[in-house]
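Enquirer: Sequence:
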Amino acid sequence: MEYCELGNTGIMVSRLCFGGLVIGPLQKNLSTDEGAEVIAEALSLGVNFIDTADLYDTYRHIRRAMEITGIRPVIASKSYAYDREEAKRTVDKALTELGLDSIDIWLMHEQESEHTIRGHWEALEYYLELKQKGIIRAVGLSTHHIAAVKAAAVFPEIEVIHPITNKAGLGICDGTMDEMLMAIKEAYEAGKAIYGMKPFGGGNLLHSFRECVEFVTSIPYIHSVAMGMQSLEEVRMNVALFNDLEKSLSTLDEYRPQTKKALHVDFWCEKCGSCVERCKQKALSLNNDGLQIDTGKCVLCGYCSSVCPVFALKMY
Numbered sequence: 001m002e003y004c005e006l007g008n009t010g011i012m013v014s015r016l017c018f019g020g021l022v023i024g025p026l027q028k029n030l031s032t033d034e035g036a037e038v039i040a041e042a043l044s045l046g047v048n049f050i051d052t053a054d055l056y057d058t059y060r061h062i063r064r065a066m067e068i069t070g071i072r073p074v075i076a077s078k079s080y081a082y083d084r085e086e087a088k089r090t091v092d093k094a095l096t097e098l099g100l101d102s103i104d105i106w107l108m109h110e111q112e113s114e115h116t117i118r119g120h121w122e123a124l125e126y127y128l129e130l131k132q133k134g135i136i137r138a139v140g141l142s143t144h145h146i147a148a149v150k151a152a153a154v155f156p157e158i159e160v161i162h163p164i165t166n167k168a169g170l171g172i173c174d175g176t177m178d179e180m181l182m183a184i185k186e187a188y189e190a191g192k193a194i195y196g197m198k199p200f201g202g203g204n205l206l207h208s209f210r211e212c213v214e215f216v217t218s219i220p221y222i223h224s225v226a227m228g229m230q231s232l233e234e235v236r237m238n239v240a241l242f243n244d245l246e247k248s249l250s251t252l253d254e255y256r257p258q259t260k261k262a263l264h265v266d267f268w269c270e271k272c273g274s275c276v277e278r279c280k281q282k283a284l285s286l287n288n289d290g291l292q293i294d295t296g297k298c299v300l301c302g303y304c305s306s307v308c309p310v311f312a313l314k315m316y
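Numbering follows my numbering, in which position 180 of the sequence shown is assigned residue number 180; successive positions increment by one, without gaps.
No lab work stands behind these hints, which were simulated from the structure alone.
Warning: the hint list may mix true and false statements.
With a straight-line cut-off of 25 Å between C-alpha atoms, the simulated DSS-like cross-links for lysine-lysine are [stated by the list, open to error]:
id	residue 1	residue 2
1	K133	K150
2	K261	K185
3	K282	K271
4	K167	K185
5	K261	K167
6	K167	K280
7	K150	K93
8	K133	K88
9	K297	K271
10	K261	K280
11	K282	K314
12	K314	K271
13	K297	K261
14	K167	K297
15	K133	K185
16	K314	K280
17	K150	K280
18	K131	K150
19	K271	K261
20	K314	K297
21	K150	K297
22	K93	K131
23	K167	K282
24	K167	K150
25	K297	K282
26	K282	K150
27	K185	K150
28	K297	K280
Computed from a predicted model, the values in this text were never measured in an experiment.
Sequences and hints are given; from them, build the entire structure.
Expert: As structure tokens, then:
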């Protein structure tokens, strides 16, 4: 496994990052032990970087994997907090559930622009205080927006950027993949740490698995790529790809990643519209026939299910 310094943070990470969304209740919903087994396999094969979030509810899986392996990976988490109180609550929750006294990277979740960054400034200031105390090592943001990448590039307080990077630009809210790459390049050259997300567009691009892998591994200005993995087979294949791309690509014709998942709406949906408001991809809408899903816009993140009051949305 290849490792590199994540920007100028002093944090060494594997080129492959374990994306923690998929194993959690918003998607595959693996039990603590099942999810921990998948993470432990990745850790044992050299992956030393895990991406998660307050929303994902996967701290327990990561903690169990650390207990199984005895390996303490680099952990990045995220929060929607915009004030000091909520920022403290989410960091405290992470540390308690992970069983740690510090965390490596803390991100402001789903930032959109300079304006949303400033709107979360009170939380950001709290994270920077924790950095001064050694509780957080680096601070940054995750985003589906080119505007946020551009803004982050000029904020000295922001060290880490976690943007969408897939060959189709699926999930980017304000432009194309070429425009996103230009923004990422500028941020990289400004010394920012960059690790990509959604290389397969949340599963929508699995039909072109090989092309997706070739694309994301060819980007010279990202340090690591977070890939969601939900089985031992997926872990082993992805590790093999990052260990020896050329050799592993020759086996891809025989590799069949899990069939594309989809968002399903149960009959008891109350049509309250909470999920429509939550979806930043604008993939959901309501009409007389109920909730409608635009599969061309949906990135299969499962975030909508987190706000459903009757648990009528499921990803499988």
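Enquirer: Confirm or reject each hint.
Expert: Hint check:
Taking the CA atoms of K133 and K150, the gap is about 28 Å. The hint is violated against a cut of 25 Å. At roughly 32 Å between alpha-carbon atoms, K261 and K185 are farther apart than 25 Å, so this suggested pair is violated. This hinted pair checks out: K282 and K271 have alpha carbons roughly 16 Å apart, not beyond 25 Å. A C-alpha spacing of about 16 Å is found between K167 and K185, which places the hinted pair at or below 25 Å, so the restraint holds.
At roughly 19 Å between alpha-carbon atoms, K261 and K167 fall within 25 Å of each other, so this suggested pair holds. For the hint pairing K167 with K280, the CA-to-CA distance comes to about 20 Å; that is within 25 Å, so the pair holds. Note on K150 and K93: the hinted pairing is violated, with a Cα-Cα distance of about 30 Å set against a maximum of 25 Å. Distance restraint check for K133 and K88: the Cα-Cα separation of roughly 14 Å lies within the 25 Å cut-off, and the hinted pair is therefore satisfied.
For the suggested pair K297 and K271, the alpha carbons sit about 20 Å apart, so the restraint of at most 25 Å is met. Under the criterion of a C-alpha separation no larger than 25 Å, the hint pairing K261 with K280 is consistent with the structure, at around 19 Å. Straight-line distance between C-alpha atoms of K282 and K314 comes to about 18 Å, which keeps the hinted pair within the 25 Å bound. Of the supplied pair hints, the one linking K314 and K271 holds, its CA atoms being roughly 15 Å apart against a limit of 25 Å.
This hinted pair checks out: K297 and K261 have alpha carbons roughly 14 Å apart, not beyond 25 Å. Between the alpha carbons of K167 and K297 the distance comes to roughly 15 Å, so the proposed pair stays at or under 25 Å and holds. Restraint check for K133 and K185: the C-alpha separation of about 31 Å exceeds 25 Å, so the hint is violated. Our distance criterion of 25 Å between C-alpha atoms is met by K314 and K280, whose separation comes to about 18 Å.
Note on K150 and K280: the hinted pairing holds, with a Cα-Cα distance of about 19 Å set against a maximum of 25 Å. Between K131 and K150 the alpha-carbon distance is near 23 Å, which keeps this suggested pair within the 25 Å criterion. In summary, the hint linking K271 to K261 is supported, as the alpha carbons are separated by about 23 Å, within the 25 Å threshold. Using a Cα cut-off of 25 Å, the hinted pair K314 and K297 holds, with the two alpha carbons roughly 17 Å apart.
Between K150 and K297, the direct Cα distance comes to roughly 23 Å. Compliance with the 25 Å bound is thereby established for this hinted pair. Under the criterion of a C-alpha separation no larger than 25 Å, the hint pairing K93 with K131 is consistent with the structure, at around 17 Å. Note on K167 and K282: the hinted pairing holds, with a Cα-Cα distance of about 20 Å set against a maximum of 25 Å. For the proposed pair K167 and K150, the alpha carbon gap of about 20 Å is at most 25 Å, so the pair holds.
Using a Cα cut-off of 25 Å, the hinted pair K297 and K282 holds, with the two alpha carbons roughly 7 Å apart. For the proposed pair K282 and K150, the alpha carbon gap of about 22 Å is at most 25 Å, so the pair holds. At most 25 Å may separate the alpha-carbon atoms for a hinted pair to count; K185 and K150 meet this at roughly 10 Å. Only pairs whose Cα atoms come within 25 Å are accepted, and K297 paired with K280 is accepted, the gap being roughly 10 Å.
In summary, the numbered hints that this structure violates are 1, 2, 7, 15.
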